[in-house]
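Let's have the full structure, built from the sequences with the hints guiding it.
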Amino acid sequence: VRPGTPEGWQRLHPLSPVVRGGRATIAIFILLIPIAFGADTFGRATPQFVVIGLIVLAGFVSWLVTRWRIEDDDLRIETGLLRRQSLRFPLAQVQAIDVVRPGLARLFRVAELRLRMAGSSGGTARLAYVAEHEVEPLRDQLLALARGARHEEAPASQLERPQPEEHVLATVETAPLVASILLENWWIVVVLAGLLAGFAVSPHRVGGALGGSGFVWAVAMVTFVWRRFNQQYRLTVAEGPEGLHLRGGLVALTAEVIRPGRVQAVRLVEPALWRPLGWCRLEVDIAGRQRRKGEGEAQRGQLHALIPVGKRSIAVELADRLLPDRPRELARPPRRALWKSPFRYQALSWGRTETCVATTSGRLRRVTSWVPLEKVQSLRHVQGPLQRRLSLASVHVDTAGKSAHATLRDRDAAEAATALDELTDLARTARRRPALA
Amino acid sequence: LALRRLEVGVPALLVTLALLVAGALSGSSLAYGLAAAAVVTGTLLWYFTGRRYTSWGYAEREDDLLIRRGVMFARLSVVPYGRMQFIDVTAGPLERAFGLATVRLHTAAAATDARIPGLERKEAGRLRDSLAELGEAQAAGL
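Protein chains in written order, with the numbering used here: chain W, 1 to 437; chain L, 438 to 579.
Do not rely on the hints blindly, as some may be mistaken.
Between beta-carbon pairs, the in silico distance windows are [stated by the list, open to error]:
id, chain 1, residue 1, chain 2, residue 2, range
1, W, Ser391, L, Thr527, 42 to 48 Å
2, W, Val189, L, Leu451, 51 to 57 Å
3, L, Arg505, W, Pro334, 20 to 26 Å
4, W, Arg83, L, Leu481, 54 to 60 Å
5, W, Asp72, L, Ala534, 46 to 52 Å
6, L, Phe510, W, Val219, 39 to 45 Å
7, L, Glu570, W, Pro334, 24 to 30 Å
8, L, Thr491, W, Gly261, 40 to 46 Å
Simulated from the structure, these hints should not be mistaken for lab results.
A virtual CB, placed ideally from N, CA and C, is assigned to each residue, including glycine.
The structure is reproduced here in structure tokens:
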């Protein structure tokens, strides 16, 4: 894809249907094997041939009718034979661009390009698949266009990062990653170990009692752990001209670019068992949910990990880079909040600067959230019956992200009221700042 | 706006009537008890819906909309005009019967729950238009 040719439709890579079929393709090959070896079954296998032929034809047709091109500031994708679809994605609205390479795609040297848009449903433009050597220039071109489109609104943003090459900020080691996943999901380990031990002692009884369901559970848990490992293996964060570059994965390689100013919230998570080791996870929240194929419930609640596991100092340094003006001092709620949240009390606190709010919460799984005030969508002041008795109140700070909210829980009622007013004003000035600059 | 109480009051009245009818049908001994229960629940519901109704309120400020609601759980939401994505005006059958409508504001955050029920239809239309206008004037990107 040459930058000089914005017009003209492009097709996807011819091998796309094969890769997209994924496991189906493998299944087809397995179906073919007995037919290839035994000539006498040929007559009986005719229906199978018909099915395979139809699948191949469908894949070919879907490839034939799909095309895309870049029009001015939009990416346009046309697809579908009977139900023709023409999708237009304004590049100025792009939140992040991912390059994904599943195992099979790597084998065929192709890659998928994903443009994440804001919006809660169907907000992802997928180009699956594009030849591997074309993907990087295409992504850079799209990013440049996206920035160019934004350039008119905020001229200052382009001058900020003149250096063209990226420099690595953090990489995740393999051993801590394995340890951290197992430690965070220790109950999986316990259950699996229990199952295995029970099986070793009396295979018949345990096997009979649990039957297939236990096995299914075990498989599900292993896949869960495996998927996280696969996703976060050797994840590298680097700072580049277009924003933060994330790269990692074991079988399926992903590379993402998070543009500066698209981060809705930053979150530092410290599960109970990690804390003695001084580990933590740094997550960022971006508008628009990515709902990947095969993404389970557990993962949907999960945010985008910048550092899946790492020393606190590194995470804090990176957080500083994302939000330079973070509040340093956090204030505790009044002592009478102990009556309302006896367990959480020790972990609750909040603080603010001119541009950023920080809150902490969670006794076992300590979560620190930072929300830049210019990203605040709305503020809510809530006072329950028990809180009113104790003259306490909570203030919720809502963002457009998936699940990172900052909540000022159980503050003194007067403090909460002033906080609401102050945050409203600060958020307003923060919103206006980029427009004035 | 005063019709709001009537609107919420209708279910309360229906419950009361249903209990009364049930009492009348089920013979003498039970009838008095049920009738008494009906009167008590009716008054209580009337009282609570009244309180709920008075707790609702909204204010259009220069840059944002304030919405207040709730008795037990007092809530106060601040929604900046620039953050509104779109505005809904809905009217259920009961609301329509009394010429009322509900205005609902949506932002990019899913947690934002900003709605103003029981507005008179004209007022709802006016609010929608003025909010849309202000939202357009102050619109900010994500």
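**Study point:** Index of numbered hints that the structure contradicts, given in increasing order
**Key:** Hint check: 1 and 7 fail, others pass.
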